[in-house]
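There are 2 protein chains.
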Amino acid sequence: MSSTRDIDRLIEMMAKLPGLGPRSARRAVLHLIRKRSLLLTPLAEAMQVVAATARECLNCGNVGTADICDICASDKRANGELCVVEDVADLWAMERAGVFKGRYHVLGGTLSALDAVGPQELRIPRLIDRVATENVTEVILALNATVDGQTTAHYIADQLEGQVRLTSLAQGVPIGGELDYLDDGTITAALRARKQF
Amino acid sequence: MSSTRDIDRLIEMMAKLPGLGPRSARRAVLHLIRKRSLLLTPLAEAMQVVAATARECLNCGNVGTADICDICASDKRANGELCVVEDVADLWAMERAGVFKGRYHVLGGTLSALDAVGPQELRIPRLIDRVATENVTEVILALNATVDGQTTAHYIADQLEGQVRLTSLAQGVPIGGELDYLDDGTITAALRARKQF
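Residue numbers (this note's numbering), protein chains in the order written: chain A, 1 to 197; chain B, 1 to 197.
Here chain A stands alone, though its shape is the one from the complex:
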């Protein structure tokens, strides 16, 4: 299929997206071609716009369309609480929950000896700087409950010890969770952190 090279190339590029493989990329591209004017052209244009405007917030690392993101720029969120997350996706997840009214700091990953990721590769120096210069009263370590996430949380806690109130997300049974389907670690954590009923 030589003259369909452009289509093949698009399929190849789509297949590299997380969550898509060669088969689903083919399906997606065929779907797009069938609804060309309705889907393919608007999608291509939306991508161009995002490619041209998306950037990382210079302050917190969130992805937005300005040098300082909406959250950092908002007066309403300057309540002294700073939530440290690994990744922009985690920040978005926190925002969807809609309960946190402070600001964020996106590390951009976790410390990892295996992958040679040290504090300088992450946004940790900037975090220490923000705690020193912004009016931060509490740092909430909302890192993933993985080994790397917790290692990073302990490293940050060591660095900020005594300068600010440090907290982390509670661990326990997820809402709607059934004990029978929970892993031993979660049950242990939930039991240890049990509270008055």
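Do not rely on the hints blindly, as some may be mistaken.
[Unchecked claim] No farther apart than 25 angstroms at their CA atoms in a straight line, the calculated lysine-lysine pairs in the DSS-like style are these:
#	chain 1	residue 1	chain 2	residue 2
1	B	K16	A	K35
2	B	K35	B	K16
3	B	K35	A	K16
4	B	K76	B	K101
5	A	K16	B	K16
Treat the hints as calculated values from the structure; they're not laboratory data.
Chain A is fixed; fit chain B onto it per the hints.
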């Protein structure tokens, strides 16, 4: 996140693709933004190119970048065999197998009383026309082994009866298949079509 409207819009559009949902669309878009110059811009450009050039072959219904697709245009494939498939994806699957050396005819769906799809909605009149005017010696009905697919195959067979040799794909145990995991229908079909060892 008001100034991130463009990003939200891109996520919404990606979430409508088959095989992607809101969560995987968010992951894909974040991935694209992170590798903007490497992935997002080239992908947007590839989509623009395909949106501008992709079209259906006027002869067979295949998707390509010319009015007559490569397969229809190729002299090497004019061996009188015409393979009838439901969908372009099926044509691509046959081509990947690389064993069929004739031409194709894409119906664009199946007959369906429920969805009010009759022969005129599909490329069936064009098929009858091709059989009458091109040098077709054999029509291979490679429709899906579903109720709608087989209904459509029978309808086409009725229309072409006596004009041309009609065949269909063999049914049986798939290569690498284990009897224990096969449905009863497939085992029945494979047993009925058993052959000398």
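Verification of the supplied hints:
no., hint, in the structure
1, B/K16 with A/K35, "12 angstroms, holds"
2, B/K35 with B/K16, "22 angstroms, holds"
3, B/K35 with A/K16, "12 angstroms, holds"
4, B/K76 with B/K101, "8 angstroms, holds"
5, A/K16 with B/K16, "18 angstroms, holds"
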